[in-house]
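S.K.: Residues per chain are reported as follows:
Protein chains: 2
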Amino acid sequence: MPADLVITGCTALVPGAGGDGGIDFVEDAAVVVRDGVIQAVTSAQDVADLPSAERIDARGQLAMPGFINCHTHSPMVALRGIAEDMAAEEWFNDWIWPMESNLTDPVVELGASLACAEMIRGGVTSFADHYFAMDRVAAAVVASGLRANLGSAFFSSQGAEGRARSVEFALRLRGAAGGRITTSLAPHAPYTVDDADLAATAELAHEHGLPVHIHAAENRAQTDSSLERYGVSPMQVLARAGLLDVNLLIAHGTGIRDEDLAVLQNGSGRIAVATAPRGNLKFGWGTTPIRALRSIGIPVGLATDGAASNNTLDVWESMTLTALVQKSFEADPTWMTARQALDHATRQSARAIGLEGVVGALAAGHRADLILVDLTGPHTRPPHDIAATRVHSARSSDVLTTIVDGRVLMRDRRLLTLDVPAIADELAGQLPELVKRRVGRSVQDYRAEG
Amino acid sequence: MPADLVITGCTALVPGAGGDGGIDFVEDAAVVVRDGVIQAVTSAQDVADLPSAERIDARGQLAMPGFINCHTHSPMVALRGIAEDMAAEEWFNDWIWPMESNLTDPVVELGASLACAEMIRGGVTSFADHYFAMDRVAAAVVASGLRANLGSAFFSSQGAEGRARSVEFALRLRGAAGGRITTSLAPHAPYTVDDADLAATAELAHEHGLPVHIHAAENRAQTDSSLERYGVSPMQVLARAGLLDVNLLIAHGTGIRDEDLAVLQNGSGRIAVATAPRGNLKFGWGTTPIRALRSIGIPVGLATDGAASNNTLDVWESMTLTALVQKSFEADPTWMTARQALDHATRQSARAIGLEGVVGALAAGHRADLILVDLTGPHTRPPHDIAATRVHSARSSDVLTTIVDGRVLMRDRRLLTLDVPAIADELAGQLPELVKRRVGRSVQDYRAEG
Chain A
1 MPADLVITGC TALVPGAGGD GGIDFVEDAA VVVRDGVIQA VTSAQDVADL
51 PSAERIDARG QLAMPGFINC HTHSPMVALR GIAEDMAAEE WFNDWIWPME
101 SNLTDPVVEL GASLACAEMI RGGVTSFADH YFAMDRVAAA VVASGLRANL
151 GSAFFSSQGA EGRARSVEFA LRLRGAAGGR ITTSLAPHAP YTVDDADLAA
201 TAELAHEHGL PVHIHAAENR AQTDSSLERY GVSPMQVLAR AGLLDVNLLI
251 AHGTGIRDED LAVLQNGSGR IAVATAPRGN LKFGWGTTPI RALRSIGIPV
301 GLATDGAASN NTLDVWESMT LTALVQKSFE ADPTWMTARQ ALDHATRQSA
351 RAIGLEGVVG ALAAGHRADL ILVDLTGPHT RPPHDIAATR VHSARSSDVL
401 TTIVDGRVLM RDRRLLTLDV PAIADELAGQ LPELVKRRVG RSVQDYRAEG
Chain B
1 MPADLVITGC TALVPGAGGD GGIDFVEDAA VVVRDGVIQA VTSAQDVADL
51 PSAERIDARG QLAMPGFINC HTHSPMVALR GIAEDMAAEE WFNDWIWPME
101 SNLTDPVVEL GASLACAEMI RGGVTSFADH YFAMDRVAAA VVASGLRANL
151 GSAFFSSQGA EGRARSVEFA LRLRGAAGGR ITTSLAPHAP YTVDDADLAA
201 TAELAHEHGL PVHIHAAENR AQTDSSLERY GVSPMQVLAR AGLLDVNLLI
251 AHGTGIRDED LAVLQNGSGR IAVATAPRGN LKFGWGTTPI RALRSIGIPV
301 GLATDGAASN NTLDVWESMT LTALVQKSFE ADPTWMTARQ ALDHATRQSA
351 RAIGLEGVVG ALAAGHRADL ILVDLTGPHT RPPHDIAATR VHSARSSDVL
401 TTIVDGRVLM RDRRLLTLDV PAIADELAGQ LPELVKRRVG RSVQDYRAEG
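The listed protein sequences derive, respectively, from chains A and B.
Residue numbers for the first sequence follow our numbering, beginning at 1 and rising by one.
Residue numbers for the second sequence follow our numbering, beginning at 1 and rising by one.
A few of these clues could be false.
Listing some non-contacts, in silico: residues in chain A with all C-beta distances to chain B over 10 Å [claimed, not checked]:
id	residue
1	85
2	179
3	330
Partial chain B-side listing against chain A, Cβ under 10 Å, derived [as the list claims (entries may be wrong)]:
id	residue
4	257
5	261
6	268
7	280
8	287
9	334
10	428
11	431
12	435
Please keep in mind that the hints were generated in silico from the structure rather than gathered at the bench.
Idealized CB from N, CA, C, for every residue including glycine.
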């Protein structure tokens, strides 16, 4: 039986032989895809005579796992650039949360669709989304061809309804889009969801075998405030609620202290953290303590957060910034090497969204989520060190081709599943209503002190 | 007489009416170019019937001044990625300076040519270069069509010869390439050029009306060491040598202290600083104190440093990182707004390389150094705030067309003056000799303690 897709002549980024998170590069490689799965990563010579429905000649290109955006709010691209150069309190209370009270299903779907287009062009093949009206986000996932983990966000201020909707959504959408959609429960944060709701969420996660995706310790001020008010840190709040004993994805974690490491270690769940370095810099928040988390074996995936704070959904940029910012914050240029950054972008990000062994590696048996990247631009020559070139010189615009489940979503930078001008025009018509700020209307209230 | 070039239908980034560094955006604008000079920035309607040798329909594009790379070592792209994830001492002493002893004229010209290709593709129209074998860099400038300020670098360890060569080069090349080349004297740094040589340089600058381009206070350790050893900071060393009384471009200045501000204020020269935020992060060095320098009216231009430390020559990225890193270092999200960052990228960078009023603004009488940038990508929609979109969402790969002195060097991302595959292939043949590290051969010695 012929293969569905054969890619030849590329350099391939593959897992290192040691299995310890190292990576290797194989020259003149070939990738064979059948039924949406990578059947083999072999030599171009090996597949010269292999019949295939589709072949891509990828000489001068790098084949690598697609990027995984481990924490975003995709519909928020509708608010990209609307509230700039301000502190988080003002950003939330005066701009974003009032405007989010104007959200409609069409705006959510258009925003998510534009986000999917941006992510496909940036080489993202999976994303973890945490927002409202998630059926509309799921529709964008279906149409775009991307893979996603989706969670319907809730606050305790919504009463029992928000949590119930989160569970209903997670159970109904689990496994949708031919398995490309997985789901999570999505309480907003310890400062907007009370202890009883957090504990109930942990029980529901156990009962239904669902992971949980939550914001926590987004910045150090939240941690300090939690300690002052309640005598416990956000990590201790999560522990007390039982959330460290389920499969938990913590967004940001910038306020995780050294004292919290033992708390995290005591959890029996599969715990991971998503880091979004751009927004951290922009709010002046410090950054995720990746080195400390590594010391206790907690994977850290790369993320962009929403475009209203982060301005881009460019996970390649998150990788580059993680490498730079980690060196700067630890004042250690030998830390967060290019190869470590690539490990965060691939294996650790796959673990963070619960898909280790499924995506995040060019290896037989993994889903065929991969990208082809141009190696020939002047900005990436000469190729003294291909890992450093990828992390520090190349960028998302070098991605030529994006493939999910063996399906080509972008070929030579041409999007094949989404019509950007049509989406952008339709969204533009919705913006005047979206950006109105009405007295007394807001989805929530943010207190700087958490 | 017909115009040489008319660009129509673009959004134009122009100086604000206040003349205080503000910027404005004009919709449906037109730019008229004659004899390499911007003759008018007007409305598209105004030029509908104007005869012109060449017209560019730039609807859906932003016209803005080209970027200015205020401090680089262009030939060092030949060493891009060769020495990664290490401290500056090891980087200089064990890798870069030994390899630079292998430099040949062909390597310098090929490296500079590849650098010019990268910069044109990134929307850079001018660069300030500080290196060796500068006649070969000048040849690359001539061939590429870029504008440049060139300085022949010297150490006191070279004896009188290095300084003499720097003066001879600066006088001979001043005004070359039809005026596109300006020149500077280029002592390497206070820790590699002794006080007598620095003072002699200041005298030569006065005598010949030449500016000086020098590394100083690259990091805080250099400042602390200078204070400990000599009782004076690098800024005080420059002052004592008379270099603050000439037109001086200081590269990095990351180690400038609050106490140095009065020293800088006492200088009678036109002093500017070039900031290269990427390399600062990568070496864990802190960053240029832009807010303090602004308080005393010292302009700060954007730079990339050489690609061996910075990995890219992408000044757009330097603008983005400057905005992000300044907010983070000052822990103030309201500082370094998108419009401030654009002012650093344009007016302040032009001042830094001594070309204020010549380049850095789309305004009548300025040289026609400009770029056209795509506004239609999904990652830059919707356009709630065009300044924020440019600084935080767009990137150098959105540059479609690059123009210097009215000559189109790249059109719709196609380079018109340089053949990248040929340059890269020829450089590849030179690399085995370049990267040899031979015992006892090095151009200089770096002491961490300055």
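S.K.: Any hints this thing doesn't respect? Which numbers, in order?
M.R.: Checked against the structure, the hints that fail are numbers 1, 3, 4, 5, 6, while the rest are satisfied.
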